[in-house]
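Asks: Chains as they are written, first to last, in our numbering: chain A, 1 to 307; chain B, 1001 to 1404.
Just so you know, the hints here were simulated from the structure itself, not pulled from any lab data.
Do not rely on the hints blindly, as some may be mistaken.
To spell it out: a stretch of chain B is covered by chain A in this simulated footprint if at least three of its residues, at any positions, have a beta carbon under 8 angstroms from a beta carbon of chain A; those stretches are [said to hold, decoys possible]: (1) 1032–1041; (2) 1330–1338.
Cross-link-like lysine-lysine pairs, in silico, DSS-like; alpha carbons within 27 angstroms at most [unchecked claim]: (3) Lys1225(B) / Lys95(A); (4) Lys36(A) / Lys133(A); (5) Lys1287(B) / Lys61(A); (6) Lys95(A) / Lys1233(B).
Bear in mind the structure is a predicted one, so any value in this text is a computation, not a measurement.
For glycine and all other residues, C-beta sits at the position ideal for the given N, C-alpha and C.
Chain residues, written in single-letter form:
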Amino acid sequence: MKSLLPLRAVLVTGKGGVGKTTVAASLARFAAQCGKRVLVAEIADEDATTSALADALGVAKITDEPWEIAPNLRVVALAPALGHQRFLRDVLPMKVLADAAMRAGAIRRFLAAAPTFPEMGVLYRLLDLVRTKRRDGAVEHEMIIVDLPATGHALALAQIPASLLRVIPSGPIAAAVREGLELLQDPVRTGAVVVTLPETLPVSEALELVQGIEQHSIPLAQVFLNRVPFDPFSDEERVFVRSLLDGERPPMLGARTLERIDRARVALERLSQAVSVPVGVLQDVWLEGPRLAEEMASLMAVEEVHQ
Amino acid sequence: MSSSRPLDVRPSLADAQPTFLEPLVRSKRVIVCAGAGGVGKTTTAAALGLASALAGRRTLVLTIDPARRLAEAMGIPEASRAPAPVPREKLTMLGVPVHGELDAWMLSPEVVFETMVRRLAGDEARVQAILANRLYQHLSKIVAGMQEYTAAEALYSLSTEGKYDLVVLDTPPSRNALAFLEAPRKLSMFLDERVIGVFLPAGGGQKKGAFVRAASDLAERVFTKAFGEGFYKDLQDFLGAFSGMFGGMRAHAEAVRRLLSSDEAAFVLVTSPEPAALAEAGFFQEKITQLGLPFEGYVLNRSWAYTRGFGGPEEIVLPPAAEEHQRVALRKLGQLADGERWRAQRDRDLLARLRMDAARHSLGAAARGDGGGAAIATPHLGGAVEDLAGLAELARNLVHLDNA
Ligand SMILES: Nc1ncnc2c1ncn2[C@@H]1O[C@H](COP(=O)(O)OP(=O)(O)OP(=O)(O)O)[C@@H](O)[C@H]1O
Ligand SMILES: Nc1ncnc2c1ncn2[C@@H]1O[C@H](COP(=O)(O)OP(=O)(O)OP(=O)(O)O)[C@@H](O)[C@H]1O
Ligand SMILES: [Mg+2]
Ligand SMILES: [Mg+2]
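All chains should be built: construct the whole structure from the sequences, respecting the hints.
Replies: Dropping the structure here:
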């Protein structure tokens, strides 16, 4: 996890339900405790009535402007409309023109509903937050952790800037897109974090995702194997238990959990061999809600000490 | 080992009783599988498709972002332009009758768009103009936010062309799993003449009012400045070429909505035993019912509820000479067994809760009038779910309660 601390933008991604939001929240708590000024972000969705990130952090709501929920820790929802507005303000000669444009119903609705424009708005908003400076000239948010939507969408998000550049090769948008793309592809500032589960298929899917990320030239920083079951057995105990269960009919309670533990071991092995970045192991914890992320953040801290 | 006392913890139902899903796969035209991320929507959709083929129907599974292994197991080519059949010999092996068919298609926005353009654009010159437009090429290759549009569109064309008795629709992993229902509304918001009109070039027979003209001027200034001269022209060309199709697209969107609201459709909510997934399932249920869509029931996937016929490690008696590490190991196995018992109880309680909820809200329950709620549990199959045989086992579990 140390390797993540110098990054400016950490993009947490993975298949549905693997624990992206939990990992983003835990990493944010961990990094904040390490003394980083952290901003943890989700992608705003006007249709959504709930926020998984808010639940994981134990806050009532997440707003379009960052607000501090703990020392060094802020949250924000990356809203496309704000991205559009900031962008227009940056490129148009007059601020009033930008504001007039955003007030015009047709333009606003076009930007909100036309495919890929919302995603570009989100990217620009991220860029904007990365660039935000404090009065003393230091960056406002040293580390921005983004809880991305499930795989399909995340990769698609990565695909947009390059594709857009083919349509709009020059002009202010192109310049902004290029800047966004540079940020996304810069291994010094940006790192993708892939989260997966300790089962066969999810690991295969994570490896496909890793490939996809590399194809889009987004630097991979870390893989997390999440929800790894606790393994109580020593090697010789394991051999004995196996001998008890093998050929046992009828099936025995406990055997399925043992198989799950075994699959988790294989999963870790497979992942470690297949990727060139660190593979972090996160235990399956019997907690939910905000206490889960707090517990996982402290487990991350303990792990640091041991390494 | 001594005799194993079977722990009867399976819900007290007669063996091999058909579930609420059994009549659905036999009679519906569309089944939508929705639920939180990663709960098993894609897997369940594939298994339901197989169950329908087993019942002798011509079935299509319209899937989104499936695991490559599942696609491989079903024999779905990765980027195919049309639904591909699961090979006949595989189907025969699984016991699918000759008139039963199973096709699968990984939704490809590019193909769906092209098909739609060809269908709605009218003449070939128009089709070529649209396909050649740079913006069109950009948009049709983008997946973000397009899966929802294209799922609705593909559902419309595939379920109306008469090739299939049943289309099982998997839904994309999005925060709002019903996003594809909203997609047509969003699309029509974007396709609204009042919005598009602002961007269309003046003239061409249509006169713009003063208000629209002012908005147009603003849009032109802003977009030309932001995107560059060339892009704004492209955008106008694109919208101009598409504008004749908007009526058709809106009509499709409405037709999809009608089909999904009709009694030929069924919504099945998939959930895992996780509190977050359950909460989301409850939220979807409310939303589906609110929208007047036919909610039929729950699938509690990856559950540990079934433990009938399992033995417990405490029945194992070690010989007096057993070593210490062996005793420790057995004790630890006992702890794992206790964990499974706990989970079994939890999942049976959950199932009971889901049944009660479904009894209150599902259409099937209301029609049957027996008060029996529609919720079933499918077992956690571990690594076994990765091939067609595993899928077949899941399919059997979905339509019949006993898989002995
Ligand atoms: N290490 C863990 N131990 C126990 N439970 C966990 C752990 N990680 C995640 N969970 C649980 O798994 C569920 C899914 O986690 P989370 O919401 O973080 O996943 P996600 O990948 O963000 O899902 P989505 O794709 O829906 O956004 C939640 O109920 C969460 O509490
Ligand atoms: N009954 C089951 N037993 C064991 N594993 C299962 C079961 N159902 C699904 N899985 C596994 O769980 C993972 C998620 O399943 P699946 O891809 O079907 O979920 P999904 O809801 O479609 O996910 P997403 O929201 O990302 O599209 C897969 O690896 C799948 O193999
Ligand atoms: Mg999440
Ligand atoms: Mg899926």
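Asks: State for each hint whether it applies.
Replies: Each hint, compared with the structure:
1. Check result for the segment 1032–1041 of chain B against chain A: holds, 4 residues qualifying (beta carbon to beta carbon below 8 angstroms, three or more required).
2. Check result for the segment 1330–1338 of chain B against chain A: holds, 7 residues qualifying (beta carbon to beta carbon below 8 angstroms, three or more required).
3. With a CA separation close to 13 angstroms, the supplied pair Lys1225(B) and Lys95(A) stays within the 27 angstroms bound.
4. For the hint pairing Lys36(A) with Lys133(A), the CA-to-CA distance comes to about 15 angstroms; that is within 27 angstroms, so the pair holds.
5. In summary, the hint linking Lys1287(B) to Lys61(A) is supported, as the alpha carbons are separated by about 21 angstroms, within the 27 angstroms threshold.
6. As the CA atoms of Lys95(A) and Lys1233(B) are separated by approximately 24 angstroms, the hinted pair is consistent with the 27 angstroms bound.
Going down the numbered hints, you'll see the structure goes against none, and every one checks out.
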